[in-house]
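In the numbering used here, the protein residues as written are 1 to 52.
In case anyone wonders, no lab produced these hints; they're calculated from the structure.
It is possible that part of the hints are untrue.
Stated by the list, open to error - Across the chosen pairs, the derived CB separations fall in these ranges:
| # | residue 1 | residue 2 | range |
| --- | --- | --- | --- |
| 1 | T50 | A15 | 37 to 47 Å |
| 2 | I28 | I5 | 37 to 47 Å |
| 3 | A30 | M1 | 16 to 26 Å |
| 4 | I28 | F8 | 12 to 22 Å |
| 5 | P2 | E47 | 22 to 32 Å |
| 6 | T50 | I5 | 22 to 32 Å |
| 7 | E46 | Y3 | 36 to 46 Å |
| 8 | T50 | P12 | 48 to 58 Å |
| 9 | I17 | L45 | 15 to 25 Å |
| 10 | T50 | I17 | 23 to 33 Å |
| 11 | P10 | L35 | 31 to 41 Å |
| 12 | E47 | P12 | 48 to 58 Å |
Here a beta-carbon is modelled for each residue, glycine too, at the ideal position from N, C-alpha and C.
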Amino acid sequence: MPYIIVSFKPLPYAALIAFTLMAVIMIIGAIAGVLIGVEGKGRSLEELSTYR
1 MPYIIVSFKP
11 LPYAALIAFT
21 LMAVIMIIGA
31 IAGVLIGVEG
41 KGRSLEELST
51 YR
């Protein structure tokens, strides 16, 4: 995160841009987890580790 803020330093809202960018990345990851993720409710870790 500090590297992103320093990269946008010349812009007046560098921190806002950096936090917005990170939020967008996290939202994309959450959507991917919901769409691609495996349902683990009621299953053991051993059972989930063999899922492919």
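> Given a hinted range of 23 to 33 Å, is it respected by the beta-carbon distance of T50 and I17?
Replying inline: Violated: the Cβ-Cβ distance is about 43 Å, outside 23 to 33 Å.
> Is it true that the C-beta distance of P10 to L35 lies inside 31 to 41 Å, as the hint says?
Replying inline: Holds, at about 37 Å.
> Cβ-Cβ distance between P2 and E47: within 22 to 32 Å?
Replying inline: violated, 40 Å
> So does E46 sit 36 to 46 Å from Y3, Cβ to Cβ?
Replying inline: Taking Cβ atoms as reference, E46 and Y3 lie about 39 Å apart, which means the hint holds.
> Between T50 and I5, is the Cβ distance one that fits in 22 to 32 Å?
Replying inline: violated, 42 Å
>> Quick check on a hinted range of 15 to 25 Å for I17 and L45, using CB atoms only.
In response: Once the Cβ atoms are compared, 39 Å apart, the range 15 to 25 Å for L45 and I17 is violated.
> Between I28 and F8, is the Cβ distance one that fits in 12 to 22 Å?
Replying inline: The hint (12 to 22 Å, Cβ to Cβ) holds, given that I28 and F8 are roughly 19 Å apart.
> Is 37 to 47 Å right for how far apart the beta carbons of I28 and I5 are?
Replying inline: violated, 20 Å
>> I want to verify a distance hint. Is the separation of the beta carbons of E47 and P12 within 48 to 58 Å?
In response: holds, 52 Å
>> Quick check on a hinted range of 37 to 47 Å for T50 and A15, using CB atoms only.
In response: holds, 44 Å
> Do the beta carbons of T50 and P12 sit within 48 to 58 Å of each other?
Replying inline: With a Cβ separation near 52 Å, T50 and P12 satisfy 48 to 58 Å, so the hint holds.
>> Against the range 16 to 26 Å, how does the distance between the Cβ atoms of A30 and M1 compare: consistent or not?
In response: The hint (16 to 26 Å, Cβ to Cβ) holds, given that A30 and M1 are roughly 18 Å apart.
The earlier numbered hints that this structure contradicts are 2, 5, 6, 9 and 10.
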